Every structure is written in structure tokens, then in C-alpha cells.
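2 protein chains.
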Amino acid sequence: MSDKVLLDYGSGGKASQRLIGELFLKHFDNPELRRMNDGAVLSVGGRVAVSTDTFTVDPPFFPGGDIGALAVHGTVNDVAMMGATPRYLTCGFIIEEGLPMVELGRIVESMGAAARAAGVDIVTGDTKVVPKGAVDKIFINTTGIGDVIVDPAPAGDRAAPGDAILISGTLGDHGLAILSTRQGLAFETPLLSDCASLNHAIGALLRQLPDVHVLRDPTRGGLATTLNEIASASGVICEIVEDDIPVRAEVKGGCSLLGLDPLYLANEGKFICIVPEADAEAALAIMRADPLCGGARRIGSVLPTDKPGAPGRVLLRTGLGGKRLLGMLEGEQLPRIC
Amino acid sequence: MSDKVLLDYGSGGKASQRLIGELFLKHFDNPELRRMNDGAVLSVGGRVAVSTDTFTVDPPFFPGGDIGALAVHGTVNDVAMMGATPRYLTCGFIIEEGLPMVELGRIVESMGAAARAAGVDIVTGDTKVVPKGAVDKIFINTTGIGDVIVDPAPAGDRAAPGDAILISGTLGDHGLAILSTRQGLAFETPLLSDCASLNHAIGALLRQLPDVHVLRDPTRGGLATTLNEIASASGVICEIVEDDIPVRAEVKGGCSLLGLDPLYLANEGKFICIVPEADAEAALAIMRADPLCGGARRIGSVLPTDKPGAPGRVLLRTGLGGKRLLGMLEGEQLPRIC
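Chains A and B supply the protein sequences, listed in that same order.
The first sequence maps to residues 1 to 338 in UniProt numbering.
The second sequence maps to residues 1 to 338 in UniProt numbering.
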């Protein structure tokens, strides 16, 4: 094959078949994909969770990951957050003509490794190569399918007054890692994206505590935006305590330098977990037993709104003892963060 | 909302929610989507067919359709070709900052109408808006999920000597419609893309003739490339008769003008059906009863290779009585055709 991706690698003809055979099958190999059909036939339970995401991250390679790993982790996590065991992924590549093959190779290899670590099979896919300038390097869509393990599933509208709000670890790592790469900022300790598949931790949690009310990964828009979605869907107040929110010192430093708020920065390997108060300690213990969630902490509580039917909102108890309303993200803080 | 798509419509924050609420929910409305979760929970049979495709067609509006309708039809067809009833679609938008909202509106409306006609629900989605220049206008990924209705499913490796090769209608309409739009060619009779969802015709066929061996839609690479994939996977010769292959006069004319071969042009509303000889007439009758397949014809037969184990290939019996080997598409005839 050429050392750059050529237009005809996406033609559906001979060159496409070579690309699939020599690169995709090598890294994604599984019986369903090997049949080389236009799709896959899968055995699943009667209730499945499905989620889709397109990844456009710029740059495609960043400290702690790349667009390929991110495309697997991001969708695996979305499916896991629905209370399901992720089992299958589809992937759709859009590649700019001329992308170095070695870069495509690294991305595909990294997707394969991420899929194996998460225990999912990439069962079918599609590759489009578009002329130079029609897309910036490479974008990847993944759609995930998983078997529902708890029903009713955790959902954004199930937060109830009295629940505890937990977070699986530090906030803002992914957003600041991407941004500092773009800006050419260097930190004493290299700042890595947290991108990782959380399905093993989620599975352990749901098997032991099936009454988890809400699971959400605070990606675009960060913790503040995701909590606002939950508060609004559930009609509750999410009150979080500033001093309890874990943020790395270098993320804090980078944020104040750049005028950013870590509560609005994207995360790609963290989740919010809202459980009945009685389950809070058990949930934290289960989370901390997973290597990706060692820094799990309780960060707040769910309260009723002042009047029945009043809109939900998010309050931050600040270090100085005051209370501040945390709104949703307004405007776009960081385009192409994921 | 603004009259152009702004970056923050893809931020995951307030503007994203407005876009989903005011545009996507309006045209795609269904209970699962309305829950506004990061994914959907679906009830399906134990065996599902899944297919994914990214659509990058240029231009996004063309005679007979647009990228939105195409994104529904294309994936609905891929799922149907797996021997399944398409039920759910996910969609992932990548939109260039500045796209006129009226264009996005037309595309989303057209997706909604196509989904209703096909009887599928768009249950979850994702929207990314990227800065100007990072993508050309709009690309759409759809992933389709359907319940398998026959098992073993029709598949590319099931063509057997003695089978009949049928086509559901004229070839090359989509490819030539796109290309003539790009080149500014005008025909006396306007040439329309054939893009349409074939699942109703496929469903009727499979319910009455469950032993259909192969179903494939000849999209990128056209009839010749798709038949080569089948011949190769099944280890057979697909012999087709030039004079029996339906091609509109204006497509023939356009192709000779532009130096293209209609057998390699993309179709978006046609399918190849390979059945045992004994089922051929019944299959044609069922196909012709569907308004989208009125021009269904038998175009050839499956033959054994000369020696057992010899590679499969495609032969064209020409109008002059000769035989010509039809290879796979080499190179890229038409980038961004779908």
C-alpha cells in the first residue's frame, strides 16, 4: 500500500478491500468482521442500549491518547452509562486524502487495543476517503451496542432528593491536555488525557448496587453542564461542594492561566454516579477498587427544589462558604475537544 | 436560533439542547429520542443486524434527494440486505460552522420523512460542529439496527451454481445524477437519483421466499464491483448478459459522453437478488409488485468455476456474443458519490 491514504482506498473497490484486509482486520479481527459483509449479525439480549458519537478531536494525537482510542472509550462509556454491558462497536472513518498511512495505522492499532481492553468487538465499519481539504485529517464515528443489565436503567431523570452525588476521579484532565497541546504549553508534570473505558467499573457497580439512579460521563461541557442536564431532567437541585471536587494542581494552574473553569472542561474517563444516600459508601468502595476510579469521592447531594415543579438547577458551595449558581455551558469553550 | 450554524450548537451545552429540541425532535420525534439521554434503550429480537455508513455526498442537495434522505435510505438498505427488518437508526452529524440553518433544516426534515416512509425510528444521535474549513458543509453517519427475519441470512458467500441473478431496476441513476449536477450537465429529461429505502420490497421477498441466497445493494463501485465481491466470497462465476441489464437511455448517453461505465456507477435504490433457479420467477413477481422495483429483471446466472477452488469472477456476455471479464473497480471513479 502507498505511504499515504489515497482516494481509492475509500472507493468500495479493490483498494478498499486491501485496506480492510491489511489494516482493519489485522487490528480488529473477530469472526463477524471477517465475513466482510456490509453489516454484522449479532446475538443480543432482548433489551439493548445503543449510543453513537462522532470524534473530531484536534489534534488527533495528544498526551494520553489519540482519536482512535478516544472513539472506542467514548462510546463504550456512553453505553455503560445506560446501565448496559458494551459488547459491539461499529466504526465509520472519514479520512482526508493524503493522511500518512503510518498515522492511520497507529490510530487503528490503538482502537484495536482499546476495544480489547474494554472487551468489545468492532463488528462492522465503513471507510470514506474524501479529497484533500474536505475534512481535517480524520474523523471517526462509533456506535455502541450493549446488553442492558439493570432495568429500569440509570437515567438522567432519576436523581431524587436525598441522593448522594459521587465522581470517579479528577476533573478537567482531558480538556486541558488537548488545549495545552494545541497551545504548545508545557507543564512540569506532563498532563495526560484521562481517556479510558469505564465499563468494568460500571459493571461492578451495577451488579452489586442495581439501584444506581444516574450514571453520566461529564464529557463536552464538563461536570457543570452534565449536572445541569440531570438537575433539569429530574427537577431537583444538585448541590456540590467546591472543596470536595478533585482537580489536579496542574489542571488548576493551567485553567487559571488560560481563564478556564475545570468544572466546564471535558473529561473522557470519569463518571458521575448518583445513588441513594444509604448506598453512597458502598458505591465509593466499589469504585475505588477499580484502578481507573481510585480517586472516587463524594462531591455533593441532591436536594428538592424550593417549590414543587420549580426548574432544577446546580449550586456550588464555595470554599468561602457562599453558594453560587452553576449554569450550563454557554457558547463553545473548546471546539473539537472530542 | 441564528440563521447559520454556530460552533456552540455542537458544544453539548445550552445551544446544543436548543438545536436538538427545536429541530431534531421536531422532525424525528419518538419516545426514546425524547428522553434526551446519551443513548437509547431498545427492545429487539435475540438476533439483530447492524450496519453503519458515513455519507459525504457532494453536493449535499442533488436531483432526486439530499444527504439527509440518502443517509436514511443507505443504511436502511444495508440492514435490509442482511435479511432483517430495519427498526432503529442512530445519526451522527458533523456540520461546518456557518452552514445556513435553512439547509440544515431541509436535511433534517428530509431525514425525518425518509425514516417515516421506511418505518424506522431515529432513536439517538450526536452533533459536532467544527470550525469553518474542517469539514465540507455536512457529513452524516447513520447506524441501523434491525430484527433478523431469516436465518441463515442472505450473504455474499451463499451464491451457488444454478442460481439466478436478478436486479430490481435500472442501473447508474444515482451516480450519473450526482456527477451531472457537479459538472453542470443538463439532460432533456431530468435525471434523478434513485435513492430510496428498499426494506418493504425486501421484507415481502423474504417472507415469501426465505431461501434467498444473496441480497446486496450495488452502491459504491456499482453492479460490477458488488458482483465481484459476491463471486469471490462464494467461489463462483457470475455471468450476466449485457442486453438484459436495464440502463436508462439518458444514463447510457451521459456515460458515453463522460467516459463512464454504468456497471461501475453507484446506485442507491436498487438491489441484486440471487435465488435458486426454481424461485426466480416468483422473486421477480414479488419485486415487480413493489413500486420501487417495477423494472426488476433477470440479468444472469451463477456458474461453477472451471476448476474446484478456482477464484470467483464476473463474466459479461456482450451484445455481440463475446464474453468479457468484468473486474472490480480499480481506482476511484467518483469520490463523494454517497
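These aren't lab readings, by the way, just hints derived from the structure by calculation.
Predicted model only: the values in this text are computed from it and were never measured.
Glycine included, C-beta positions come from ideal geometry on N, C-alpha and C.
A few of these clues could be false.
[To be verified] In silico DSSO-like links for lysine-lysine, alpha-carbon gap of 30 Å or less: (1) B:Lys26 with B:Lys4; (2) B:Lys307 with B:Lys132; (3) B:Lys14 with A:Lys307; (4) A:Lys14 with B:Lys132; (5) B:Lys323 with A:Lys14; (6) B:Lys4 with A:Lys132; (7) B:Lys14 with B:Lys26; (8) B:Lys323 with A:Lys323; (9) A:Lys14 with B:Lys252; (10) B:Lys323 with A:Lys4; (11) A:Lys323 with A:Lys307; (12) B:Lys323 with B:Lys307; (13) A:Lys252 with B:Lys14; (14) B:Lys323 with B:Lys132; (15) B:Lys132 with A:Lys132; (16) A:Lys4 with A:Lys14; (17) A:Lys323 with A:Lys132.
[Stated by the list, open to error] Cβ-Cβ distance ranges computed for the label pairs, FRET-style: (18) B:Pro152 with A:Leu325: 51 to 61 Å; (19) B:Phe61 with A:Leu320: 29 to 39 Å; (20) B:Gln208 with A:Gly105: 45 to 55 Å; (21) A:Pro152 with B:Gly294: 45 to 55 Å; (22) A:Gly331 with B:Pro190: 52 to 62 Å; (23) B:Glu22 with A:Pro304: 22 to 32 Å; (24) B:Pro311 with A:Phe61: 31 to 41 Å; (25) A:Gly331 with B:Phe61: 44 to 54 Å; (26) A:Phe61 with B:Glu22: 28 to 38 Å; (27) A:Arg182 with B:Pro276: 36 to 46 Å; (28) B:Ser43 with A:Lys252: 38 to 48 Å.
For this structure, which hints from the list above don't hold up? Of the numbered hints, 2, 4, 8, 10, 14, 17, 19, 22, 25, 27 do not hold.
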